[in-house]
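**Student:** Please take these sequences and the hints and turn them into a complete structure.
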Amino acid sequence: MSKKKYSLNTIYISERLQENLKPISQSAFTAVTAPMGYGKTTAINWYLDK
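Using my numbering, the letters of the sequence shown correspond one by one to residues 93 to 142.
Calculated directly from the structure, the hints in this document are not laboratory data.
Some clues are possibly wrong.
What the hints assert, rightly or not - Derived DSSO-like pairs: lysine-lysine, alpha-carbon spacing no greater than 30 angstroms straight-line:
#1 Lys-142 <-> Lys-96
#2 Lys-114 <-> Lys-132
#3 Lys-114 <-> Lys-95
#4 Lys-97 <-> Lys-132
#5 Lys-142 <-> Lys-132
#6 Lys-97 <-> Lys-142
What the hints assert, rightly or not - Simulated restraints on C-beta separations:
#7 Leu-100 <-> Ala-120: 16 to 26 angstroms
#8 Ser-99 <-> Ala-120: 14 to 24 angstroms
#9 Leu-100 <-> Tyr-130: 15 to 25 angstroms
#10 Arg-108 <-> Thr-133: 29 to 39 angstroms
#11 Lys-95 <-> Lys-132: 10 to 20 angstroms
#12 Lys-95 <-> Pro-127: 32 to 42 angstroms
#13 Lys-95 <-> Ser-117: 13 to 23 angstroms
#14 Phe-121 <-> Lys-97: 18 to 28 angstroms
All C-beta atoms in this analysis are idealised placements derived from N, C-alpha and C, irrespective of residue type, glycine included.
**Tutor:** Below, the structure is given as structure tokens:
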């Protein structure tokens, strides 16, 4: 029986967050606010790489 390998580097961005990030490309300025540890930098980097 083979074991499934999972990558620890996988980033999950929920569909809801993806939808909320879409308008960024239409804006001159965007501020992303949330408490520390909520993945703000991860979400923005994911969006910019996309």
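**Student:** With reference to the structure, classify each hint as holding or not holding.
**Tutor:** Hint check results:
1. Lys-142 <-> Lys-96: holds, 26 angstroms
2. Lys-114 <-> Lys-132: holds, 15 angstroms
3. Lys-114 <-> Lys-95: Outside the cut-off at roughly 37 angstroms; violated.
4. Lys-97 <-> Lys-132: holds, 27 angstroms
5. Lys-142 <-> Lys-132: Holds, at roughly 16 angstroms.
6. Lys-97 <-> Lys-142: Holds - the C-alpha atoms of Lys-142 and Lys-97 are around 24 angstroms apart, at most 30 angstroms.
7. Leu-100 <-> Ala-120: 16 to 26 angstroms: violated, 37 angstroms
8. Ser-99 <-> Ala-120: 14 to 24 angstroms: violated, 36 angstroms
9. Leu-100 <-> Tyr-130: 15 to 25 angstroms: Taking Cβ atoms as reference, Leu-100 and Tyr-130 lie about 19 angstroms apart, which means the hint holds.
10. Arg-108 <-> Thr-133: 29 to 39 angstroms: Taking Cβ atoms as reference, Arg-108 and Thr-133 lie about 18 angstroms apart, which means the hint is violated.
11. Lys-95 <-> Lys-132: 10 to 20 angstroms: violated, 34 angstroms
12. Lys-95 <-> Pro-127: 32 to 42 angstroms: holds, 36 angstroms
13. Lys-95 <-> Ser-117: 13 to 23 angstroms: Since Lys-95 and Ser-117 have Cβ atoms about 40 angstroms apart, the given range 13 to 23 angstroms is violated.
14. Phe-121 <-> Lys-97: 18 to 28 angstroms: violated, 41 angstroms
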